[in-house]
Amino acid sequence: MEPIIRVENLNCQSGNRYLLRNITWEVQPGENWVVFGLNGSGKTTLLSIIAGYKMPTEGTLEVFGQAYSDENILPIRKKIGWVSSSYFDKYYTKESALTIVLSGLCGTLGIDSTVQPDDYIRAKKLLREWNLDKKFDLPFSMLSKGERQNVLIARALISSPEILVLDEPGTGLDVLAREQLLRKISRLAEGGNMTMIYVTHYPEEILSLFEQCIILQQGKIIDWGKLTEVMTSERLSRDLGTDVVIRTLEDGRLDLRVKEGRD
Amino acid sequence: MISQFNTSSRLQELTGRVKRCCCRYCGSPLELKRITFSHFEDSRIEIFCTKCGRIEYGAEPEVYLSAKYFVEHFDFNWYTYLDDNAQTKQMTIAKICDILTWQNQQLGFQDQDGFKVPVNMKEELQGQSMTISDEELNQFTAEE
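As they're listed, the protein sequences go chains A and B. In terms of this note's numbering, the first sequence opens at residue 1 and continues consecutively. In terms of this note's numbering, the second sequence opens at residue 1 and continues consecutively.
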């Protein structure tokens, strides 16, 4: 089977600094992956490159079997739902929730004439489903962190994507909002044939539907494989360079504790 | 890059709107702006209102003027649950722009390239169909 995402020897530099180095990774259609790493490990950079919102400096990247080009970048972007507050918060401030959701249909940050009247109806339906009734026209900056996250999820879903990339969607949410979000993500995974990539630095957010995992550190993939094999106390202690204990909770979710005496 | 800029239908559309349209919120002229870093022109250009500081698709100027007139002369506020301030007024004008544009499109008067019928808007006649003078009101009352 042809991979839906193929990355080979990919580098991304900013000045002399490597944000990503020698990344090689393949994702097959229907697979659900976790990208795990500490702050600054390159998770968002990697996923923004895959989603077509940032360019690598070297290496091969193919999504749906194609390298990005002038002709295909927007059609490919439309098939990738990308949720990343760390990216979109830089660009969206005064734009309305409705406009942002509709922009997902264009694969751009703004809208264009490809948006049709029916799309407004769908966008509003999605916003209602994500608890944003009566907030369609509010500027992004007037929404709470959780509401902004929901707007970005609605933006990602409006184009019925084949790949859904969730970049730290739980960050900044209160515990109830985060659990509600995780339940919705779980339902999304059950209901479709999407390939999902979940980026996080919190193991307790990793749902049992994710079977594969890569671990990034300082821009490099330092470990990868089946989640149950990678996310163990032994391997994570080695990968993170500190002693940690991983426990699997009743619902299949993980719990990570740093061993005492390690500051 | 320049040749790509000239051949892309999206960029042509956005360029046309920038020449023709204004910001739905403040009425200012719009401009094309490279918002993100990308090798591909199509993916990094958006229409932007520099005055508002927002990515903005815009409205036809005639639509904006009608919406602004309606909001100002009738003191109309769509967002009664928000503070009544300049921002809320701008949001209301943008909302009315959307409603008018929608209606014009549904009636076939307008599409993404602008009005499909000649528009010769006389600003001094704005609202004359809605505003009833005291004299006219007295006349109506007397007739009743």
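Be aware that a few hints might be false.
To be verified - Quick list of simulated restraints, FRET-style, between CB atoms:
1. A:D89 x B:E124: 41 to 47 Å
2. B:E124 x A:R128: 54 to 60 Å
3. B:T88 x A:E62: 27 to 33 Å
4. A:K145 x B:F74: 43 to 49 Å
5. B:T88 x A:S233: 29 to 35 Å
6. B:L107 x A:E250: 48 to 54 Å
7. A:D89 x B:V117: 38 to 44 Å
8. B:G114 x A:N72: 53 to 59 Å
9. A:D118 x B:F74: 28 to 34 Å
10. A:N72 x B:L32: 19 to 25 Å
11. B:A86 x A:L176: 45 to 51 Å
Think of the hints as simulated: they come from the structure by calculation, not from any bench. The beta carbon of each residue, even a glycine, is placed where N, CA and C say it ideally should be.
Cross-check of the supplied hints:
Distance hint for D89 of chain A and E124 of chain B: a CB-CB separation of about 45 Å, consistent with the stated range 41 to 47 Å. E124 of chain B and R128 of chain A have their C-beta atoms about 43 Å apart, which leaves the hinted 54 to 60 Å range violated. About 47 Å separates the C-beta atoms of T88 of chain B and E62 of chain A, a value inconsistent with the hinted range of 27 to 33 Å. Take K145 of chain A and F74 of chain B: their Cβ atoms lie about 36 Å apart, and the range 43 to 49 Å is violated.
At about 54 Å, the beta-carbon gap between T88 of chain B and S233 of chain A misses the expected band of 29 to 35 Å. For L107 of chain B paired with E250 of chain A, a C-beta distance near 60 Å fails the hint of 48 to 54 Å. In this structure the supplied range 38 to 44 Å holds for D89 of chain A paired with V117 of chain B, their Cβ-Cβ distance being about 42 Å. A hinted range of 53 to 59 Å is violated for the C-beta pair G114 of chain B and N72 of chain A, which are about 29 Å apart.
Restraint check, D118 of chain A to F74 of chain B: a C-beta distance of roughly 31 Å satisfies the suggested window 28 to 34 Å. A hinted range of 19 to 25 Å holds for the C-beta pair N72 of chain A and L32 of chain B, which are about 22 Å apart. Against the hinted window of 45 to 51 Å, the Cβ-Cβ separation of A86 of chain B and L176 of chain A comes to about 35 Å, which falls outside the hint.
Checked against the numbered hints given earlier, the structure breaks hints 2, 3, 4, 5, 6, 8 and 11 and satisfies all the rest.
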